[in-house]
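Protein chains in written order, with the numbering used here: chain A, 1 to 707; chain B, 1001 to 1090.
Some clues are possibly wrong.
Stated by the list, open to error - Examples of chain A residues toward chain B, derived with CB under 7 Å:
no.: 1; residue: V66
no.: 2; residue: S67
no.: 3; residue: K104
no.: 4; residue: C235
no.: 5; residue: D237
no.: 6; residue: Q244
no.: 7; residue: I246
no.: 8; residue: T248
no.: 9; residue: K283
no.: 10; residue: K379
no.: 11; residue: F489
no.: 12; residue: F490
no.: 13; residue: M492
no.: 14; residue: Q565
Keep in mind that the hints were calculated from the coordinates and are not lab data.
As the structure is a computational prediction, the values presented were derived from the model and not from experiment.
In this text, a Cβ means the ideal position worked out from N, Cα and C, and glycines have one as well.
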Amino acid sequence: MSPSTRPLKIALIGNPNSGKSSLFNHLTGLNQKVANFPGVTVDKRIGSFRLSESSTATILDFPGLVSLYPSSEDEKVVIDVLSNPASEDYPDKVIVIADASNLKRSLLLLSQIIDLKFPAVLALNMLDVAKRKEIKINTPELKNVLGINIVEINARTGTGIKELKEVLSKADPDTKGIPVFSAKPLAPELLISICELMPLKNEYKAFLVAQQYSFLRSVPEEKKKKIEELCKNSCADLNKMHAQEIVTRYKIIDQIISKVVTTGNGTVDKEFSHRLDNILTHKIWGYVIFLILMFIIFQILFEGAAYPMKMVEIFFSYLPGVIHDILPSGILTDLFTDGIVAGLGGVIMFLPQILLLFAFIAILEETGYMARVSFIMDKLMRSFGLNGRSVVPLLSGVACAVPSIMATRIISNWKERLITIFIIPLMSCSARLPVYTILIALTIPDKKMFGWINLQGLTLMGLYLFGFIAALLTAIVLKIFIKTKEKGFFMMELPVYRTPRWKNVFVEMMEKARVFIFDAGKVIVAISVVLWVLASFAPGDTFSTIEQEVKNTPQFSGMNEQDIQKLIDSRKLQESYAGIIGRSIEPIIRPLGFDWKIGIALITSFAAREVFVGTMSTIYSVSGSSNETKTLQEKMRAERNEKTGLPVFTPATAFSLMIFYAIAMQCMSTLAVVFRETKGWKWPLIQLFYLSALAYIASYCVYRILI
Amino acid sequence: MNFIRFYEICTLMRTAANLKTGESAIIDHFSDSEVSLKLMEMGCLPGEKIRLERIAPFGDPAAFWVSGYCLLLRLEEARTIILDESKVYN
């Protein structure tokens, strides 16, 4: 285990709100990555840093927790790793970070770590907050009582990090700590038999295994059965044992606290927070301020992201041409430029919105305002099976579902988080806007009702409302059907207000961008390639026949090169595999009022909803780049059904199509990001199926009523 | 939860959910063993003083001041905290 042969493995453990992520970010900077814990939907944040001149260390940032008794899937990971010496993440040393202004709760977790006999270091954080509260801590005395190294740090500014590294790099044999709680008297025989069975040396570990064996992945099934038997035979009341442990620990902790902590009556922060809360959680002003904040965030999300998105779009529309010039022409070059590069463009397109949204969310979290949002919204959201924290991701779904689904991380209860993820795609995102715009322009007259209400605007608002109501109704249904074993607790700290730590905000933005590009990006590029193949290939030599035909048709010979090319592209798309699929699904979509050309657009717009407009332009071979929607609109209006000769885009069809786009999960990026966030294909596929079915039924009803 | 409510009414025991804003009391015991474990870990121990700081606009959840910090609890969670009536704080 000499540090020169392999890096020291360090685990970072602490309460929520203790400054754990800040410390992690200070230690590792951008030298961190996200991996998976095997078999669970929990992210594993690992970083590495230079410990001394000759050695490095890897550090694992565990989910924040109050004690080693987990109450969520995230927290189970901690005990799973710490109870299993064979785990690749089993640490050599543990840093426990504690909020000095609230030492009591931090010591509960620390005392459990000490009793597991891990070499522990206490990183005492937030001494500045403690000082303002007039709390004084006698650190040398605390060190004596606990028997471990203590380093005073400030995770906000980075002071004490150097000292922490020094302490960690030393091989110090007297840092095992002084045992706090003795588990043996509570169930002596049971613990001895478990120690023999596993085998274990540590009685406290046996005590934890006795209570938590059922979900520990490191315990094989046959041992689980034996432990179950042992527990039954010993007649030990496990819940009572747990309760006794907490009471005993807190009794000892209270003695420690009375020895080393002197409390004044500093109430500066609390007073300030209290006064601010009087406004921010007020029954009227609280909601008004929240709405104004949301309004500002969305304005920036729409407007601020528009310019960089345009840049990305322009860049990626020129890039294929440049590559075509460099590379020899051929099918591989086409695949690379029109399939892969276009897919990459689709991925990078989302970055501006992801970065902006996560900057805002990080700031709301850092300042403590997010806890207030939970507080004032929880009752309302709970009736829909959601959580107070669902509000921000749900509302940001209006900009784009992709970053919003990633933002559901802030919801700790799995069921509430899953429902939120499930309904976010029903919020009308900005990619639907071009689709809505062209269809509304096609069917709704540009008139004003009562002289001031714009009918087209009213329809647009109706579509947004429709999506929102569909989302809430879906949530109610899911609330009944999703069952979880996990018992959900709401319990959370209402922290005092703080100024945000900008380094954290920055790291959080980078982290989310990286996760999106590398995890969801892969799926998006893959689907993009598939869609490209479907739209650009046809069976046999259909394409060359089309080119010949068009060129040989005398009535086209007077047209210029560009228009002929447009005509050829249109014909090619119609005969491609996408066209064939479009034709073959026509019997299914005809009850909704769609023909096979709309069918092609439905398939290609799975890449992104706004592709609908582009596909329609190609199919109707709209010429001229200026006023494109205008001409497309005219062509669509003129379009007649091949068999009946009646107009295709009747109000019934247009409305049916709008409702279809309002509901259907026509977005591969959303699918990819749900896959990434739920760590499997089960939920994205259920969601795809449900939303497609709902879209179909709703469109059918609308078409039937209006026809 | 309905059973707990019924039990409460029958025995006329006051819970943390019955506190008025600004009122303090001492925690006696808990009526739900699973919730109690989490509550105790969060610092709500028997004998500890608990004060209701504020209630959310729609009457739920509520913010309690306990063992040196502010804890948000839904009412169904607060209702499992039974108060010690013999010691009254103001």
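Structure-based check of all given hints:
Interface restraint check: V66 (chain A) against chain B, minimum CB-CB distance 5 Å, threshold 7 Å, status holds. Among the interface hints, the one on S67 (chain A) holds; its C-beta lies about 5 Å from the nearest C-beta in chain B, closer than the 7 Å criterion. The interface hint given for K104 (chain A) is met, as the beta carbon of that residue sits about 6 Å from the closest beta carbon of chain B, less than 7 Å. Evaluation of the C235 (chain A) hint against chain B yields a violated restraint, the C-beta minimum of about 17 Å exceeding 7 Å.
The criterion of a C-beta within 7 Å of any C-beta in chain B is not met by D237 (chain A), whose closest approach is roughly 10 Å, and the hint is violated. For Q244 (chain A), the shortest C-beta to C-beta distance to chain B is roughly 10 Å, which exceeds 7 Å, and the interface hint is violated. Residue-level restraint check for I246 (chain A) holds (minimum Cβ-Cβ distance to chain B is 4 Å; threshold 7 Å). At its closest, the beta carbon of T248 (chain A) sits 11 Å from a beta carbon of chain B; the interface hint therefore is violated under the 7 Å criterion.
The beta carbon of K283 (chain A) is positioned within 7 Å of a beta carbon in chain B (closest approach about 4 Å), and the interface hint is therefore held. Because the smallest distance between the Cβ of K379 (chain A) and any Cβ of chain B comes to about 4 Å, under 7 Å, the interface hint for this residue holds. The closest approach between the C-beta of F489 (chain A) and any C-beta of chain B is roughly 5 Å, which is under the 7 Å cut-off, so the hint is satisfied. Checking F490 (chain A) against chain B: minimum C-beta separation of about 4 Å stays under 7 Å; hint holds.
Given hint, M492 (chain A) at the interface with chain B, holds; its Cβ is 5 Å from that chain's nearest Cβ, closer than 7 Å. Against a cut-off of 7 Å between C-beta atoms, the interface hint on Q565 (chain A) is violated, since the closest Cβ of chain B lies about 62 Å away.
In this structure, the hints that do not hold are numbers 4, 5, 6, 8 and 14, in rising order.
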